[in-house]
Amino acid sequence: MDFEESGQDLRMIEELTNSLYSCISFRQGEKPELARLKSLFIKEGILINNNDDPLIFTIYQFVEAIEEQLSAGSLRSFSEREVAERTDIFGKVAHRFSTYEARFDPDDPEPLTVGINSIQLVKVDGSWRVSSIVWNDESESRRIPEKYNSNLRDGGTDRPTG
1 MDFEESGQDL
11 RMIEELTNSL
21 YSCISFRQGE
31 KPELARLKSL
41 FIKEGILINN
51 NDDPLIFTIY
61 QFVEAIEEQL
71 SAGSLRSFSE
81 REVAERTDIF
91 GKVAHRFSTY
101 EARFDPDDPE
111 PLTVGINSIQ
121 LVKVDGSWRV
131 SSIVWNDESE
141 SRRIPEKYNS
151 NLRDGGTDRP
161 TG
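Going by the numbering used here, 85 is the number at position 85 of the sequence shown; the sequence numbering is gapless.
You can take every hint at face value.
30 Å max Cα-Cα, derived DSSO-like pairs, lysine-lysine:
id, residue 1, residue 2
1, Lys92, Lys123
2, Lys123, Lys31
3, Lys123, Lys147
4, Lys92, Lys147
5, Lys43, Lys31
6, Lys38, Lys92
7, Lys43, Lys92
8, Lys43, Lys123
Hints listed in this document are in silico derivations from the structure and should not be mistaken for laboratory results.
Based on the sequences and whatever the hints tell you, model everything.
In structure tokens form, the structure reads like this:
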């Protein structure tokens, strides 16, 4: 792959990642873009919350779980955004370590949690799609290494690193 193609792939992955975060972020009175979220994944896509015992969802189960929380009123708003990233591409395979900040209220000055989304992507028919996302929130015993905060974006919360 030449540099021009690699640069184009990186831009496509950047746009896809921005779309991922945009789809799940919404203010009170709004709804997340769940149909669009599903379209960013391959149909066999999975999401794994690996904070404790792994919770494994297909993209369809994940969307259903969010819809249930919305219907029950237990999820009224949510905001998650990438504050730093590290992306590697080889051919039609890519991996993005995406450091995030999450808030229930997008206007909260401090994040509810920070962590890393490990996003695996595949290029299908000229477009990048998510095959899986595995995430861990930061904790007292599990600090985000400096290499995953080294390109902290504007507005990211400075935190001690491990």
